[in-house]
Amino acid sequence: MTPGLVALRLAWSRGGLRGPVLIALAALLASAYWETRSQGCGSGHHHAVAGGLQCASIGLFEWMLMVVAMMTPLLVPTINHVWHSSLARRRFDALLALGLGYGVCWALAGMLLMPVAALWGQGWTRAFAVLAASIAWSCSPISQYARNRCHRVRGIHPFGLAADRDSFVQGLAAGAPCVLACWPWMLVPMSVPAGHAVLTLAVTLVLFLERLDEPRKPAWRTAPALTVLRLLSPRWTGAWQPAGQGGIHRRFAALGK
Amino acid sequence: MPRVRVDASSVAGGTMLNWYAQAVGKLMEKPLTDRTSWRYLGAIHGFVRDGWIARDIIEDTDAVPPPGDNRVLKQCQHATWYFLPWHRGYLHAFESIIAATVKALPGGPDDWALPYWNYLSGDPDDLEIPAAFTAPKMANGVDDNPLYLPPDKRPHTDLDANWIKLDAMANGRFTSVPGTAGFGGGITHFNHSGGAFGALENNPHNAVHVLIGDGGGFMEDPDYAALDPIFWLHHCNIDRLWAAWLTQKKNKMEYRKAWLRGPARHFEMPGPDGQLHKFTPADTLPGKTLAPTYDDLQIGTGLPPVAASLEEVTGAAPMPAQFTTEEPPPANLVGSNSGKITITGAPATTEVKLQPEVTEAAGLVGEERVFLNLENVRGTAPSARLMIRIGAPSAGAALAEDSSYSVPVALFGLKQATASDGEHGGNGINVAVDITEIAGKLQEEAGASIDQLQVRIEQQAEGEVSPITVDRISIYKQPVG
Chain L
9 MTPGLVALRL AWSRGGLRGP VLIALAALLA SAYWETRSQG CGSGHHHAVA GGLQCASIGL
69 FEWMLMVVAM MTPLLVPTIN HVWHSSLARR RFDALLALGL GYGVCWALAG MLLMPVAALW
129 GQGWTRAFAV LAASIAWSCS PISQYARNRC HRVRGIHPFG LAADRDSFVQ GLAAGAPCVL
189 ACWPWMLVPM SVPAGHAVLT LAVTLVLFLE RLDEPRKPAW RTAPALTVLR LLSPRWTGAW
249 QPAGQGGIHR RFAALGK
Chain E
419 MPRVRVDASS VAGGTMLNWY AQAVGKLMEK PLTDRTSWRY LGAIHGFVRD GWIARDIIED
479 TDAVPPPGDN RVLKQCQHAT WYFLPWHRGY LHAFESIIAA TVKALPGGPD DWALPYWNYL
539 SGDPDDLEIP AAFTAPKMAN GVDDNPLYLP PDKRPHTDLD ANWIKLDAMA NGRFTSVPGT
599 AGFGGGITHF NHSGGAFGAL ENNPHNAVHV LIGDGGGFME DPDYAALDPI FWLHHCNIDR
659 LWAAWLTQKK NKMEYRKAWL RGPARHFEMP GPDGQLHKFT PADTLPGKTL APTYDDLQIG
719 TGLPPVAASL EEVTGAAPMP AQFTTEEPPP ANLVGSNSGK ITITGAPATT EVKLQPEVTE
779 AAGLVGEERV FLNLENVRGT APSARLMIRI GAPSAGAALA EDSSYSVPVA LFGLKQATAS
839 DGEHGGNGIN VAVDITEIAG KLQEEAGASI DQLQVRIEQQ AEGEVSPITV DRISIYKQPV
899 G
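Taken in order, these protein sequences are the chains called L and E. Quick note, in this note's numbering, the first sequence goes up one by one and the last residue is 265. Quick note, in this note's numbering, the second sequence goes up one by one and the last residue is 899.
Hints may be right or wrong, so weigh each one.
Listed next, the in silico DSS-like pairs over lysine-lysine satisfying Cα-Cα at most 30 angstroms (straight line) [stated by the list, open to error]:
(1) L:LYS225 - E:LYS696
(2) E:LYS492 - L:LYS225
(3) E:LYS583 - E:LYS667
(4) E:LYS667 - E:LYS859
(5) L:LYS225 - E:LYS706
(6) E:LYS675 - E:LYS492
(7) E:LYS696 - E:LYS492
(8) E:LYS492 - E:LYS448
(9) E:LYS706 - E:LYS492
(10) E:LYS758 - L:LYS225
(11) E:LYS670 - E:LYS706
(12) E:LYS571 - E:LYS444
Label pairs and their computed distance ranges (CB to CB) [what the hints assert, rightly or not]:
(13) L:LEU169 - E:GLU546: 52 to 58 angstroms
(14) L:ARG229 - E:GLU477: 24 to 30 angstroms
(15) L:MET72 - E:GLY784: 50 to 56 angstroms
Treat the hints as calculated values from the structure; they're not laboratory data. Don't be surprised by glycine CBs; every beta carbon is placed ideally from N, CA and C.
Next up, chain L with everything else stripped away, as it sits in the complex (with noise of 0.2 angstroms):
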């Protein structure tokens, strides 16, 4: 295992992803069943806004359920810093306040993208044109700028409605930044004629491996996903070691005795 894949482990243990993770995955199975469910309104997301109000209404329901499925594993640095800056008794309160801060950047957001998914429409052709799009999103200065304030956090007030309202601006100040970074991609599954929540899982790998990427000068770069990628690949180290002592894990061994 790598060490990049020993530190997800070791959060997932933690349940620090745990959490995130479930209600991604929950998010996600909610958006394909809804999906088959919304086919009355026509075949996709691009009926949404044509198909009047109800269709809209389902459309945004599910942008939002496609937003938690997609950003709920990237929100975990900040859901753990409201988390641990909260008083026990009121953590809960302050996650919902900086969901709905995060929220209300990405209903905004879907509000504006919805109909421009449904003016483009579905095809490979189209979903590849996107797809290529994003990953040139990805490389802008623009996108970097918009990861590195993703990592910003605020002080959070313990008590009371500043309490609350501090974690709702905290949710606003990382929403609006996500979005700026990812809105492209939420346009990939939505071109797909088929196979939307595949794609869905996929756009959420490579953002979330974008944002494991550390903050960089703005400027055109190597996609960060790639970045990361071959940070995660497996290795080996110990070169100081003298030859012949075996493995990392035989060293493992010897400390334990």
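Starting from the known structure of chain L, fit chain E onto it as the hints suggest.
This is chain E only, laid out in the frame that chain L set:
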């Protein structure tokens, strides 16, 4: 022959320093592109090309290491549980290169080892940088002394005893959880700057850096610090304090794989042959490849006499400290001030309100440790020093000038941690300091539960003071055990 690291103020240490000066002189002659050069070794800690040109460290026509070496440069680990193992590997690489250089000198011994600067030995003379670093010329009165730096690069040569402490040595856990300060630091990935300091890193490590470099010196800035020859003796002492801490049976050393294996970005160092070597934190533990040997693990460590056997002291076998894979108990927030404060030339005072039910039920101090946190500290100076005074006037325990109610905090690497395109997106530095004893004394003076603490923060700096902001000042409690 085995290398044994000795006190720089001893006779043997004096001999080591003499060889050190000659070897450093040799390394300084080499270009930055040479992995065994003085400047390359400094750049592993931190490197900013424009800044190095501005400070005459390199010329603008000098070649820089090839892009393939970018993974080796700017590698230092701060505010992380990797702080101690990374610097141990760094010292090992440096010591190996200097030792090889010494051996190649006429009459050079083959057992040269890096001496340590034992500034907390209790001898006031040890608060001064060793004399070998302060004379501009070598003993022959002709050659420049490579260990000497002029005042613009090393503004101070002595330490203020009020600012350097050994409180960290009483901390029984290596790993911090949010809101606390473990001996070694908190769980992170590869962490070059920004984040939360461990207890030993905060003091004496940061304090010595800032006290020596305060006012524009190399030592106060991570991008230049390792270019001051005293850096290595300072870090040797910090490393010795870790070695001493590991001799105590009550201490719990981290042993989870995420720590043992290190982060996804490898730790990599050059050897004397210029080849790069990877290492993991596991390699730095007692009995392993990179474990050093010290002549003494008691004087200046604040610890009782070592209960370990000679074999253990010399690093030949695992230390008595317990290796643990358990997560430390979580800490809970019990109060904070109401918002961001700015500290300029004048002290800033703020009220830290505590959760009523906690103070009513058990008071501020019970079977738990109490930590004061400065969260998201930002500023434009390379580093800064803050003196924090704690009182509880509303409960009858006034803010005292007595130093036993004060906690010194040194913010090493403040500017880098503040940069929005820096590693932490400009979240600044987090500092947690153990104030259990202070809280206990305040509790005793008040004679009742304390529902509010008063915290006064004073910035102390040479020359012009630039503003420092603190997003929140909070109190966390963590169960003992």
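The hints, checked one at a time:
no.: 1; hint: L:LYS225 - E:LYS696; in the structure: holds (27 angstroms)
no.: 2; hint: E:LYS492 - L:LYS225; in the structure: holds (15 angstroms)
no.: 3; hint: E:LYS583 - E:LYS667; in the structure: holds (22 angstroms)
no.: 4; hint: E:LYS667 - E:LYS859; in the structure: holds (29 angstroms)
no.: 5; hint: L:LYS225 - E:LYS706; in the structure: violated (38 angstroms)
no.: 6; hint: E:LYS675 - E:LYS492; in the structure: holds (25 angstroms)
no.: 7; hint: E:LYS696 - E:LYS492; in the structure: holds (15 angstroms)
no.: 8; hint: E:LYS492 - E:LYS448; in the structure: holds (19 angstroms)
no.: 9; hint: E:LYS706 - E:LYS492; in the structure: holds (26 angstroms)
no.: 10; hint: E:LYS758 - L:LYS225; in the structure: holds (26 angstroms)
no.: 11; hint: E:LYS670 - E:LYS706; in the structure: holds (18 angstroms)
no.: 12; hint: E:LYS571 - E:LYS444; in the structure: holds (20 angstroms)
no.: 13; hint: L:LEU169 - E:GLU546: 52 to 58 angstroms; in the structure: holds (55 angstroms)
no.: 14; hint: L:ARG229 - E:GLU477: 24 to 30 angstroms; in the structure: holds (29 angstroms)
no.: 15; hint: L:MET72 - E:GLY784: 50 to 56 angstroms; in the structure: violated (44 angstroms)
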